[in-house]
Amino acid sequence: MKQPSPPSFAERFFTSFCHARHLEGLEGDLYELFERRVQNKGVWRAKFFYLLDMTTLMRSSVAKPIKRNRMTNNLGMFKNYFKTTLRMGWKRKGFSFINLFGLTIGLTSVLFITLFVQDELSFDNHVTDAKQKFRIYNMVEGDDREVQYLPIVPPTFSPSLRDDFPQVSKSGRLFFDYGGTVFNVGEQVFSEKNGVYAEPDALDILDIEVVEGSFSEDTEPKSVLLSRSLFRKFFEDAPYAEQTVKLTRSTLKVVGVFEDIPVQSHLNLEYILPFQWAVQSTPPERMQSWVWQQFYTYVELRPEVDQQDFLAQFRTYVKDKSEAQIKPYGFWYTPYLQPIKDIHLHSSNFQWDIAKTGSFQSILFLFIAAGIILLIACLNFINLSTAQAMKRAKEVSVRKFIGANRGQLLIQYGFESTIYTFVAGIVSMILFILLLTPFNNFTGKVFTLNELLSVSNILLFFGSLLFLGVLSGWYPAIVLTRFNPLDALRGGKGTKMVPTRNLSLDPRQLMVAAQYILSISLISISLIMQNQYSFLRTTDMGFNKENLIWLPLTTALENDLNTTRESFMGHSQVQDVSFCYGVPGGIVAGDGVFLPQKQENEFSANMFMVDYDYLKTMKIDLVAGRGFSNEFATDPTSAFVINETAVANFGFASPEEALGETVHWATWANTDSLKKGKIIGVVNDFNFKSLHNQVSSVVLHMGESYFQNMIIRLGKEDPLATLEFLEDQYRKYEPTRPFEPQFVDSMFAEFYASENKLSKLFTLFTILAILTATIGLFGLVSYSIVSRAKEISIRKVLGAGTKKLIRLLVMRYIWLVLVCIAIAFPASYWLANMWLDNFAYRIDVGPEIFVPVAFAMILLTLLTVGFQAVKGSMANPAERLRSE
Amino acid sequence: MTMKGTHLGEFEELVLLTVGILGTEAYGIALKDDLQQRTGRKPSIGALHSALTRLENKGFITSEMEGATQDRRGRRKRFYQLTASGTSSIKEIYNQRTEMIKLIPNIAIQ
Numbered sequence: 040m041k042q043p044s045p046p047s048f049a050e051r052f053f054t055s056f057c058h059a060r061h062l063e064g065l066e067g068d069l070y071e072l073f074e075r076r077v078q079n080k081g082v083w084r085a086k087f088f089y090l091l092d093m094t095t096l097m098r099s100s101v102a103k104p105i106k107r108n109r110m111t112n113n114l115g116m117f118k119n120y121f122k123t124t125l126r127m128g129w130k131r132k133g134f135s136f137i138n139l140f141g142l143t144i145g146l147t148s149v150l151f152i153t154l155f156v157q158d159e160l161s162f163d164n165h166v167t168d169a170k171q172k173f174r175i176y177n178m179v180e181g182d183d184r185e186v187q188y189l190p191i192v193p194p195t196f197s198p199s200l201r202d203d204f205p206q207v208s209k210s211g212r213l214f215f216d217y218g219g220t221v222f223n224v225g226e227q228v229f230s231e232k233n234g235v236y237a238e239p240d241a242l243d244i245l246d247i248e249v250v251e252g253s254f255s256e257d258t259e260p261k262s263v264l265l266s267r268s269l270f271r272k273f274f275e276d277a278p279y280a281e282q283t284v285k286l287t288r289s290t291l292k293v294v295g296v297f298e299d300i301p302v303q304s305h306l307n308l309e310y311i312l313p314f315q316w317a318v319q320s321t322p323p324e325r326m327q328s329w330v331w332q333q334f335y336t337y338v339e340l341r342p343e344v345d346q347q348d349f350l351a352q353f354r355t356y357v358k359d360k361s362e363a364q365i366k367p368y369g370f371w372y373t374p375y376l377q378p379i380k381d382i383h384l385h386s387s388n389f390q391w392d393i394a395k396t397g398s399f400q401s402i403l404f405l406f407i408a409a410g411i412i413l414l415i416a417c418l419n420f421i422n423l424s425t426a427q428a429m430k431r432a433k434e435v436s437v438r439k440f441i442g443a444n445r446g447q448l449l450i451q452y453g454f455e456s457t458i459y460t461f462v463a464g465i466v467s468m469i470l471f472i473l474l475l476t477p478f479n480n481f482t483g484k485v486f487t488l489n490e491l492l493s494v495s496n497i498l499l500f501f502g503s504l505l506f507l508g509v510l511s512g513w514y515p516a517i518v519l520t521r522f523n524p525l526d527a528l529r530g531g532k533g534t535k536m537v538p539t540r541n542l543s544l545d546p547r548q549l550m551v552a553a554q555y556i557l558s559i560s561l562i563s564i565s566l567i568m569q570n571q572y573s574f575l576r577t578t579d580m581g582f583n584k585e586n587l588i589w590l591p592l593t594t595a596l597e598n599d600l601n602t603t604r605e606s607f608m609g610h611s612q613v614q615d616v617s618f619c620y621g622v623p624g625g626i627v628a629g630d631g632v633f634l635p636q637k638q639e640n641e642f643s644a645n646m647f648m649v650d651y652d653y654l655k656t657m658k659i660d661l662v663a664g665r666g667f668s669n670e671f672a673t674d675p676t677s678a679f680v681i682n683e684t685a686v687a688n689f690g691f692a693s694p695e696e697a698l699g700e701t702v703h704w705a706t707w708a709n710t711d712s713l714k715k716g717k718i719i720g721v722v723n724d725f726n727f728k729s730l731h732n733q734v735s736s737v738v739l740h741m742g743e744s745y746f747q748n749m750i751i752r753l754g755k756e757d758p759l760a761t762l763e764f765l766e767d768q769y770r771k772y773e774p775t776r777p778f779e780p781q782f783v784d785s786m787f788a789e790f791y792a793s794e795n796k797l798s799k800l801f802t803l804f805t806i807l808a809i810l811t812a813t814i815g816l817f818g819l820v821s822y823s824i825v826s827r828a829k830e831i832s833i834r835k836v837l838g839a840g841t842k843k844l845i846r847l848l849v850m851r852y853i854w855l856v857l858v859c860i861a862i863a864f865p866a867s868y869w870l871a872n873m874w875l876d877n878f879a880y881r882i883d884v885g886p887e888i889f890v891p892v893a894f895a896m897i898l899l900t901l902l903t904v905g906f907q908a909v910k911g912s913m914a915n916p917a918e919r920l921r922s923e
Numbered sequence: 119m120t121m122k123g124t125h126l127g128e129f130e131e132l133v134l135l136t137v138g139i140l141g142t143e144a145y146g147i148a149l150k151d152d153l154q155q156r157t158g159r160k161p162s163i164g165a166l167h168s169a170l171t172r173l174e175n176k177g178f179i180t181s182e183m184e185g186a187t188q189d190r191r192g193r194r195k196r197f198y199q200l201t202a203s204g205t206s207s208i209k210e211i212y213n214q215r216t217e218m219i220k221l222i223p224n225i226a227i228q
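In order, the protein sequences belong to chains E and B. So that you can map any letter, position 614 of the first sequence is 653 in our numbering, and since no number is skipped, the others follow by simple counting. So that you can map any letter, position 25 of the second sequence is 143 in our numbering, and since no number is skipped, the others follow by simple counting.
So here's chain B without its partners, still in its complex pose:
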């Protein structure tokens, strides 16, 4: 599928990072809870799903169905995982941001 570039939106970036943080436990509700906890935001399940789909289409994460449990009435979870390109894009973002922040005068970073 052709994509209009592979740059990330702000919310997408947060979701991507959260997927990375949660490691093997990254599925819909866990991501939602974690995001809320860390950023104070309350993403709707729809917004979250749409961000995840986009990230997946851009090739930064992959997903797999696993682990049916009782409280999900037998439905499996879709677990997300960073891909190599997802990891490298996180690094890239980090480097880029750091470089740029460094260039701002009057901000001292140890």
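If we strip away everything but chain E, and leave its shape as in the complex, we get:
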């Protein structure tokens, strides 16, 4: 018969629970009782009592300690690691400094860039249901024109979407208030620029909240909605009530106030006018046009709608409707949906956009630059740590003999590098806080510490520190722990990391090479960027943009243009005054003209309405024919001047051939009436947009009734006094209106403002990267020369001259630099070309960039290595050799 035994699960449990010290005796006692009970009371009751006895033993005096021993051991080890790190760090101050310096710079850069990028990426996050909201843009193509992307679409898009597409829940249009509006509030005059004519649905889609008053389809046209801050600016602290504001020609009722639009919104709107108003002042047939592209259009789709399906349907629909109308114009378009959150970062190639646009590419560039700095810092750490491995070989060996296994050593060195990253992390946090204000000033953003100190940001930061620590710790750890402890203690082979003399694939050299390649590429690219920007600043625009100012024309000023001109001309430093519609650097009208002899199609062209003095004032040169002149009575009514691009686009072989050709232009006042005339002159191409764009066809003609601007050419001397004079004159006409002259060159500078900032930031990062890489190299070389001290001394004793020694020490680094240059140059050439392709007018990248960079890098290496080499080879060999 099988012997009865206690429940096996209970036995197993007790074994796992009971402290080893008590286990045997207690188990024995339990069995003994069990056996006795089996005899006396039977198996089942014995089992029951066994369990009962066991439960009485469930007490802390019997139980195993909860991993207490192992925990304390590990903590102790970490304490020891910490102490070792501090001691080693203190002992090798130079090494620690280089590492901390590099890591701190890298981390600080990454912090700032991350902040910047996070901000850029968070645009329009306040918009609800953003996934269903889109802006519509058109890709416009034509027979002989380059592809354009326009965020403005025909007026007919929105009504069609609303009425004929069940997928669309809302759709609304915005029409930009070009030129801004001047508000008269009581005695005060405010000139405001950020306004639109809007449909209520568009406001809904954009989540613009009307907090006072109301705004609907029925709001009467002559009204205005003000942003909360603009209302405060106009009426100070007065509570909201229906107010009126005066414009030059009319009076507007303030019908409401909307909540200020968040800074991180692609639109910056201060006032909103009823869309009906814009419609009223437009000929009705134009609002039915499928050609006239002028309206920012937003749609909201119903949930669950398949975008691709919807877009395909809409394209077919648009094609059907527009084909007949658009055909004579020689172009066609394809609509696209742009998710509302993409507008800020993915609109950089759009024309006529009023959205605040950033560039995804720039952000990417910055991110890569910061990453490179961090990478270089890590490589420094890895390099220097492995270079110094020999010094620690003894420590490692002793640890191994005492019983540390490889895993523990790896943890130790990983821990050590993590401490370095954490120290650097804390320092860079402090730096970050100190530098936040200058950074805000530079980027024009308003970052506050509060919004940055979110839990996720902090976790992310410390997480990255840990990652960085492990990343830069693992390779040194592997090298350090690879030693055979016996050899290491004996000081034998395999422990000395003496650099090889030739260029071989030593991992440390590879890392130095990587640093060099990255730095050289960064320098080249940032130099190319700077050259491009200075090219943009100084390139010939086809007109002279220096000392040219621009003023909006007001009713009082345009009352009698001749008198106005006379009064402004009354100063020796005012050279020319001209009135016009269309100023380079400002908004220029796009339109079209017919050339009856050429074809029936309309040619698209930018329209400039000018006076006799325009070409003279702008200093635009004539290529053929003549400019407008008051000697010809017919010039105001029937003369056109075109530019060289127009000559080519309209199909003339030469400027001379274009002279005398007939041009028809549908006037804006009444589209049925044509202005008919002849081409009297051809001017050279002048750039009136940013140099991102090619010059397009331009038609200039006289048209006093369209004038909106006044441009003034100043002399070179004493601009302040001249401006004062102009202001005095201006006051005679407009006593209260603000005098806001704009310099045309600064308007052009604004086109490149964001890119300029980018290139400056990029340069800054380049300098930091080179600095980090250089001090890393310095540390490495100084170490390698110290470790070769004996070799150098022996060479010296045997008769090597100082010069020869220096050459020996320096040459391998020069070789390294040359190889790196050979790799870095093609790479940066390729990258820079990709970037330059964004510009219609760009520099060519040639040796004038690369040769100086190459020389500079070689020189830098010579200095870094040379200093150490000279020091090493000048030392007295007797002293060196005596040391052992």
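Do not rely on the hints blindly, as some may be mistaken.
Unchecked claim - Under the rule of at most 20 Å between Cα atoms (straight-line distance), these lysine to any residue pairs were calculated in the SDA-like manner:
1) E:103 <-> B:171
2) B:160 <-> E:87
3) E:80 <-> B:147
Hints listed in this document are in silico derivations from the structure and should not be mistaken for laboratory results.
Once you've looked at the hints, dock chain B against the given chain E.
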């Protein structure tokens, strides 16, 4: 190990005395049986073990593993033994009690 004094609880005292009584035969089950026999109590094996551990920590008894037998499936027994301080503490207890009892009036002790 620091202890909060070395005084004995009532049950501990009984266990200590039993260890003394059983001499070289004092191990878990024997102690349990003897206690039951003399005092009528049925101590659980857990309570007994915990008292023994405490006594051992206080230094009144020591223990040793010995004597594997068949009915214990090869497990040895943990035998407890009085230490010098255990013996002297028994004496001390005895003297103290006697002194105190003597001082109670109306109890005649021969």
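We went through each hint and held it up to the structure:
Taking the CA atoms of residue 103 (chain E) and residue 171 (chain B), the gap is about 14 Å. The hint holds against a cut of 20 Å. Straight-line distance between C-alpha atoms of residue 160 (chain B) and residue 87 (chain E) comes to about 17 Å, which keeps the hinted pair within the 20 Å bound. Between residue 80 (chain E) and residue 147 (chain B) the alpha-carbon distance is near 17 Å, which keeps this suggested pair within the 20 Å criterion.
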